[in-house]
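Q: Residues per chain, in single letters:
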Amino acid sequence: MIRLLKCEYLKTRHCFIFPTAFAITAICLCWCLYGDVDDEIIKYGWRMFLYQFPLVNAIFLPLLSMVIASRLCNLEHKGKMQKLLCCMEKRGKLFDAKLLYGLGIITVCVVLMWAVTVIFGVVNRFLGPFPIKLYLLYFIFTLIPTVVIYIFQHTLSMLFKNQAIAFFTGIIGEFIGIFSMFLPSLPFLRRMVLWGYYGVLQFVGLFGWTKESRYENAYFDLMPIDWTFFCVLICAGILLYLIGRYLFCKKEV
Amino acid sequence: MFFKMLKAERMKLKRSPIWIAFVLMPIVPAFLGTVNYLGNIEILQSEWYSLWTQHTLFTCYFFLPIMIGIYCSYIMHEEENNRNWNKVLTMPQGRNMIFISKLIMAGSMILLSELWIGALFVISGKIVGLTSPVPWDKILIWCGFGTLGGLVMASIQLLISLFIKNFALPIAIALGGGLSGLMFLAKGFGHIWPYSLMAYGMNSNAPQKIYESGYLPFLVICVIYIILCSAFASLIIKKRDI
Amino acid sequence: MKEIVKTNGLTKKYGENLCVNNLNMTVTDTSIYGFLGPNGAGKSTTLKMLLGLVHPTKGEIDIFEKRVTDKNRISILKDIGSLIESPSYYGHLTAKENLKICQTLLDVPSSNIDEVLKIVRLDKQQSKKVSAFSLGMKQRLGLAYALLSFPKLLILDEPTNGLDPAGIHEMRELIRSLPQKYGMTVIVSSHLLSEIDQLADNIGIIANGKMMYQGTLSNLHDTDPSKTLEEIFLDLTGKEQSL
Chain A
16 MIRLLKCEYL
26 KTRHCFIFPT
36 AFAITAICLC
46 WCLYGDVDDE
56 IIKYGWRMFL
66 YQFPLVNAIF
76 LPLLSMVIAS
86 RLCNLEHKGK
96 MQKLLCCMEK
106 RGKLFDAKLL
116 YGLGIITVCV
126 VLMWAVTVIF
136 GVVNRFLGPF
146 PIKLYLLYFI
156 FTLIPTVVIY
166 IFQHTLSMLF
176 KNQAIAFFTG
186 IIGEFIGIFS
196 MFLPSLPFLR
206 RMVLWGYYGV
216 LQFVGLFGWT
226 KESRYENAYF
236 DLMPIDWTFF
246 CVLICAGILL
256 YLIGRYLFCK
266 KEV
Chain B
-19 MFFKMLKAER
-9 MKLKRSPIWI
1 AFVLMPIVPA
11 FLGTVNYLGN
21 IEILQSEWYS
31 LWTQHTLFTC
41 YFFLPIMIGI
51 YCSYIMHEEE
61 NNRNWNKVLT
71 MPQGRNMIFI
81 SKLIMAGSMI
91 LLSELWIGAL
101 FVISGKIVGL
111 TSPVPWDKIL
121 IWCGFGTLGG
131 LVMASIQLLI
141 SLFIKNFALP
151 IAIALGGGLS
161 GLMFLAKGFG
171 HIWPYSLMAY
181 GMNSNAPQKI
191 YESGYLPFLV
201 ICVIYIILCS
211 AFASLIIKKR
221 DI
Chain C
490 MKEIVKTNGL
500 TKKYGENLCV
510 NNLNMTVTDT
520 SIYGFLGPNG
530 AGKSTTLKML
540 LGLVHPTKGE
550 IDIFEKRVTD
560 KNRISILKDI
570 GSLIESPSYY
580 GHLTAKENLK
590 ICQTLLDVPS
600 SNIDEVLKIV
610 RLDKQQSKKV
620 SAFSLGMKQR
630 LGLAYALLSF
640 PKLLILDEPT
650 NGLDPAGIHE
660 MRELIRSLPQ
670 KYGMTVIVSS
680 HLLSEIDQLA
690 DNIGIIANGK
700 MMYQGTLSNL
710 HDTDPSKTLE
720 EIFLDLTGKE
730 QSL
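Chains as they are written, first to last, in my numbering: chain A, 16 to 268; chain B, -19 to 222; chain C, 490 to 732.
For the record, the hints were derived by calculation from the structure and aren't laboratory data.
Here are the computed lysine-lysine pairs in the DSS-like style, where the Cα-Cα straight-line distance is at most 27 Å: (1) A:K21 x B:K145; (2) A:K95 x B:K(-8); (3) A:K108 x A:K98; (4) A:K98 x C:K567; (5) A:K21 x C:K567; (6) B:K67 x B:K(-6); (7) A:K95 x A:K105; (8) C:K495 x A:K98; (9) B:K145 x A:K95; (10) B:K218 x C:K618; (11) C:K613 x C:K589; (12) A:K105 x C:K567; (13) C:K618 x C:K585; (14) C:K567 x C:K495; (15) B:K(-13) x B:K218; (16) B:K145 x B:K(-8); (17) C:K641 x A:K105; (18) C:K585 x C:K567; (19) C:K567 x A:K266; (20) C:K607 x A:K21; (21) C:K617 x B:K219; (22) B:K218 x B:K67; (23) A:K266 x A:K105.
Chain A with its partners taken away, still in its complex shape (with noise of 0.2 Å):
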């Protein structure tokens, strides 16, 4: 396996894979983080954050996957090279490698927004000490969506040589994932579509907020977490990356 995550990274170079990756994680992080820190902020930081981060999560890391996976899969269609690949391993092992070397990109990017997130607090002394459990669990419920989505997307970059079918479905798939966490009236549909589970696993709610006061009364409080969902979010994830696994190991190249 290490060999074959070797030639992930040999494939990889000058084609600036990381540079895309970390781009697209700061403008995600300008996104959140640009703006004027006021006492408001100072006051409620951490929780605030938490009530926040898990929409722009949900625009961002859906389309950092479908880049990362398209990037990474488009190198072997673009020269044919699956046809060559297959004959020398096997192709589950292949599979597996990309998918792999793609999820530590990943993983590597979120660890990079949950870091920078936690030392802007701390730079910025937030109010009360940084509470390390909520964030710790915050970061597991981001990065959890995220590879399901990203099996997903490497499933379909890796079957359709057309990657414009991968990039569609993504989209059309992040459309309804975000439409979702504005619809707290449908509770099944954000538990419908993977790209809905940013905010299944929403743990800090926004309670007290009315028309006429509007902000004024309003806090963050913690909000019961659904770990039944949890746990189909990851058996989605596994069943996914068995169908997935399996047609790539059927396909005629």
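Using the hints provided, position chains B and C relative to the given structure of chain A.
A: What follows is chains B and C alone, placed relative to chain A:
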């Protein structure tokens, strides 16, 4: 001559299932936007216009820009694949028209999806039971201007895809563009920044609304962008060695 | 004589379309097998089935006297080098970097890279990006991949595509030398009889998915001494097409 080229462009897209995405995509905001509208009916009181905002808000900031990005990337990538440029550039046709015919293809796709968005909007308005008359004239203007703004975006994306030979990168740029569009719109530059023009033209958000006095400047700016991009792209196609 | 490749009733159907029909193919050890047939006869599909790139609808394949199954496919493929249709490559990498990837995958010494680059005469262009290569150079790179592990069996699908006359001659000499020099068995396909007749020990002629003839060239000539080889070839392939 030019029509032949358009016909050829259309034939190239035959059997590529991309249009399905443009048909499916607007259904998402139409359905979910309507549900959201019904859920917040006491806050959203300007009937048709409120519903329109619900339908188009995310569409024109995020999704249509990215879809246009994918579409343009696809159109250009087809030529990049299998050395098709060699063939295209040796056809006895003017090279100026290559970019423009591609832009028209993208434009017609945008127009179709705008009309589809408009149709879905009217249908869902009727289903919701809005009593005031359908603002046909407004819808047509919104969709028409949206198409024009979309064309600006498409011409820039095509230009980017002409430079960047890879498929995914222009799409990432389209995302950045869409977000920058939102930012410039909020800062009050919505009428100048190319990536804001679509959202601006579609009147998707009340505070940055386009007023009747602004129609002409909007048209002029869109046309200037399109002409600039086409001229630049045609120049590159002419001068570049394959 | 050992049979390196043996297929039994190999069949591939795409929908209703019979692409390869009940093909029996036998390739003997350290020989050159010429696989002849007009365009679209099913040559590439057959070779792809040997390599496991395409799944047969029916029939068995034995390579190195072992039945090929999904389980042992990779261990068998370790001893096969192949070049199918157009060459594979990563355009953004140099020739050497491309070979480095395959060398890592195949787990062979890195000195092999320089050796094969020299064999296919790409050693002077090894640090050029492959996207800037001409078709002939890409074809040479494809051959370099195939030779990289100095395999026991080499499968080459129209290897002279895009080569200049000198290149074709060179390629022919190279292929001819492989059995003696490295003990390789070579299957080489072509649609040109003239390319094969100076090269192959045995030939197989395929038309419309059916094996029309298999054996040595002189035996083929003996079937109808009044005609030239070219005429017999055209007869064999044309007969099937008119059916």
